[in-house]
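Residue numbers (our numbering), protein chains in the order written: chain A, 15 to 329; chain B, 732 to 1058.
No lab work stands behind these hints, which were simulated from the structure alone. Don't be surprised by glycine CBs; every beta carbon is placed ideally from N, CA and C. Incorrect hints may have been included.
[Stated by the list, open to error] Selected chain A positions facing chain B (Cβ under 8 Å, derived; list incomplete):
#1 Arg228
#2 Thr229
#3 Arg231
#4 Gly234
#5 Leu235
#6 Ser236
#7 Asn248
#8 Ile321
[Stated by the list, open to error] With beta-carbon atoms standing in for the labels, derived distance ranges:
#9 B:Gly886 with A:Leu109: 51 to 59 Å
#10 A:Leu317 with B:Arg854: 21 to 29 Å
#11 A:Pro182 with B:Asp812: 57 to 65 Å
#12 A:Leu317 with B:Gly853: 29 to 37 Å
#13 A:Pro182 with B:Gly853: 48 to 56 Å
#14 B:Glu790 with A:Pro252: 17 to 25 Å
#15 B:Asp801 with A:Arg238: 23 to 31 Å
#16 B:Asp801 with A:Pro252: 39 to 47 Å
#17 A:Pro182 with B:Ala811: 49 to 57 Å
#18 A:Leu317 with B:Asp812: 33 to 41 Å
#19 B:Gly774 with A:Pro252: 31 to 39 Å
#20 B:Gly886 with A:Arg21: 27 to 35 Å
#21 A:Val36 with B:Gly886: 43 to 51 Å
[Said to hold, decoys possible] Here are some, though not all, of the chain A residues that point toward chain B, as calculated from beta-carbon distances under 10 Å:
#22 His138
#23 Gly139
#24 Ala232
#25 Lys233
#26 Arg237
#27 Arg243
#28 His244
#29 Asp322
#30 Pro323
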Amino acid sequence: MAFFLLRRFGTLIGTLLAASLVVFLVLEVLPGDPAQVMLGVDAEPSTVEALRRKLGLDRPPVERYLAWIAGLATGDLGISYTYSVPVSELIAERLVLTIPLALIAMAMTVAIALGLGLYAASHHGKPGDWGVMAFGQLGIAIPNFWFAILLILYFSVHLGWFSAGGFPGWSAGILPALQSLLLPAISLAIVQAAILARVTRSAVLEVLREDFVRTARAKGLSRRQALWRHVLRNALIPVVTIMGLQFANLLTGTIIIENVFYLPGVGRLVFQAISQRDLIVVKDVVVLIAALVVVVNFLVDVLYAVIDPRLRTQR
Amino acid sequence: MTLLAVEDLTVSLPTRRGWARAVRDLSFALDRGQTLGLVGESGCGKSMTALALMGLQPEGARVAGRIALDGEDLLTLDEADLCRIRGNRMAMIFQEPMTALNPLQPIGRQVSEPLRLHRRVGRAEAEREAVRLLDRVGLPNAAQRAHAHPHMLSGGQRQRAMIAMALACGPDLLIADEPTTALDVTIQGQILDLVIELVDERGMALILITHDLGVIAETVDRVIVMYGGAGVEEASSEALFDYRAHPYSQGLFAALPQIGLARGARLEPIPGTVPDLADLPDACTFVDRCPIAAGACRAAPPPPLAVARGHRARCIRLEEARNRSIR
Ligand SMILES: Nc1ncnc2c1ncn2[C@@H]1O[C@H](COP(=O)(O)OP(=O)(O)OP(=O)(O)O)[C@@H](O)[C@H]1O
Ligand SMILES: [Mg+2]
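Let the sequences and hints guide you as you build the complete structure.
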């Protein structure tokens, strides 16, 4: 088990380094002068030259990359060009929104998907099953921003239950803050839940056909008992895999959803930084998102080992 | 004293071409402590019979007839009552020890599960009993092995765990569906001996499904030969090895020497192929492959006719079959 974790942790570090290298290469080394990009084609050559020095672009790429990585490791991410504040502060104040939003959305996704998936599988071929499948198809077909707009129109504009956007901040109290995250979280969760529900359903149906389920029934377990005690955990392996992948989707989803709901989160920060060509922020945030995805995948691997003893003894 | 009385058991399966009868009008009775063998070619309905007895036939299957356990007709019981009987008064061992155990649970837990379910004992007590059972079925180091997951055990050890699981609640009836077929030849004998020993020791009745005629000859009191879902011949194993009345049984045993039948003696295929279930006529199921079939054989399913005391065959041309076997 320790060996397993160590190996996966090594993979995690390796992936992070690879991701940072790709980001660095794309943004700073490939043809195109970052300083020129940030200032626009009309900028004075002297201004561009000044920025180049300020950004350290006059130093060799290897040195710049190492300095950047060292900064990342110590939390020193440089100063944002447009905001003139440390990028680390900028990101920290946005993360307190995006992380809770992503976690709430993921929790909703898992709850809805497991509930519907199990229900559909245990009512295989009956109307309830078709209903879940139809929901799944619909959820996959609907883009989340469109669904977000529908939610705003109905719950905010028509019913007036929620504000149509914005975030009061955690200082305004937990409840108002959570309330403003509810519709965005639902918009993010529905699509993912639709996909995950279908995955859960087919995983459960697959496991239901296994011999050991028949053994469980031959011991005297009812269908329901066999489902909870023997089927569910076996079905979780593919479900957890997809969950890990979905977390990445969810994070990219926040870029759109935070913009639809005017939420000052990391997603909105990326969007703004890109439109203002603040490459310093873009670079750091992209690596941060990559890191989140990689860490979640590491957690997924750990979860595999917790679920399946066969992986623990594997070399 | 009759433990299990099966009357006209018929299992119909839904197929694209309509209902296919995988078991047809099967009747037999089994006393306490008695052992019965089911033999026949692949697909003749042995497993389906076993599953129907347990009430575990595939979804959508129709089961008709009567299955009386201690006089109580199981087909009239609801699911909750059947759950109280399964694993408790009747238990089953399956063919594939590799897939018949839950890969994510330690075997001790799986063996103790029927006890927790039917005996309402606490977890610790149930697990202690599981270790005793695992020890009894010959799993070395049972106390430690109880914590092992199935993938850490060999096929034979897993099958021992399966047997321990089936024995947990001391059932009156044990159904073993080819319990050794998937195992290494070297341990097949050990596992079978273990089953027989435990059946003797606990006075259980046994239904043993097998392809192995040698096993039948050595271990069971009575035999039913099945073909196309029908029980075509039933006799004590001695009587059957002495004389086969049904043309199908005669074909089945044809290539085997009369005496000195050893374990591992496999059923010899007889000419022709087993027809699809849905294509079997509503008559004698063997009619299309039978060397002595006559017009009347296609008219209706043959009734069981007495060959001798306790020896019956579903064939209306027993006389011709006898003459043929003498020649
Ligand atoms: N779930 C199912 N749906 C439809 N037909 C089935 C199903 N399971 C089995 N059958 C059919 O029922 C018939 C009897 O099958 P069964 O498994 O009882 O045979 P068997 O005698 O146990 O054979 P084997 O020696 O290969 O185990 C076969 O023709 C099989 O194709
Ligand atoms: Mg079978």
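Interface hint compliance - Ala232 (chain A) to chain B, C-beta minimum distance less than 10 Å
Check passed: Cβ of Ala232 (chain A) comes within 5 Å of chain B, closer than 10 Å.
Satisfaction of the Leu235 (chain A) interface hint, Cβ to chain B closer than 8 Å
holds, 7 Å
Per-residue hint verdict: Arg243 (chain A), partner chain B, C-beta under 10 Å:
holds, 8 Å
When you take the CB atoms of Pro182 (chain A) and Asp812 (chain B), is the distance between them in 57 to 65 Å?
holds, 59 Å
Hint validation: Pro323 (chain A) versus chain B, beta carbon distance must be below 10 Å. Holds or violated?
holds, 4 Å
Is the interface hint for Arg231 (chain A) satisfied, with its Cβ closer than 8 Å to some Cβ of chain B?
Since the shortest Cβ distance to chain B is 6 Å, the answer is holds.
State, for the Cβ atoms of Pro182 (chain A) and Ala811 (chain B), whether the hinted interval 49 to 57 Å holds or is violated.
holds, 53 Å
May I ask you to test the hint 27 to 35 Å on the CB atoms belonging to Gly886 (chain B) and Arg21 (chain A)?
holds, 30 Å
Return holds or violated for the Cβ distance of Leu317 (chain A) and Gly853 (chain B) against the range 29 to 37 Å.
Since Leu317 (chain A) and Gly853 (chain B) have Cβ atoms about 30 Å apart, the given range 29 to 37 Å holds.
Range agreement (Cβ of Arg238 (chain A) with Cβ of Asp801 (chain B), hint 23 to 31 Å):
About 27 Å separates the Cβ atoms of Asp801 (chain B) and Arg238 (chain A), which means 23 to 31 Å holds.
Using the Cβ atoms, figure out if Asp801 (chain B) sits within 39 to 47 Å of Pro252 (chain A).
holds, 44 Å
Chain B contact restraint for Arg237 (chain A) - C-beta distance below 10 Å:
Check passed: Cβ of Arg237 (chain A) comes within 8 Å of chain B, closer than 10 Å.
In this structure, none of the earlier numbered hints is contradicted; all agree with it.
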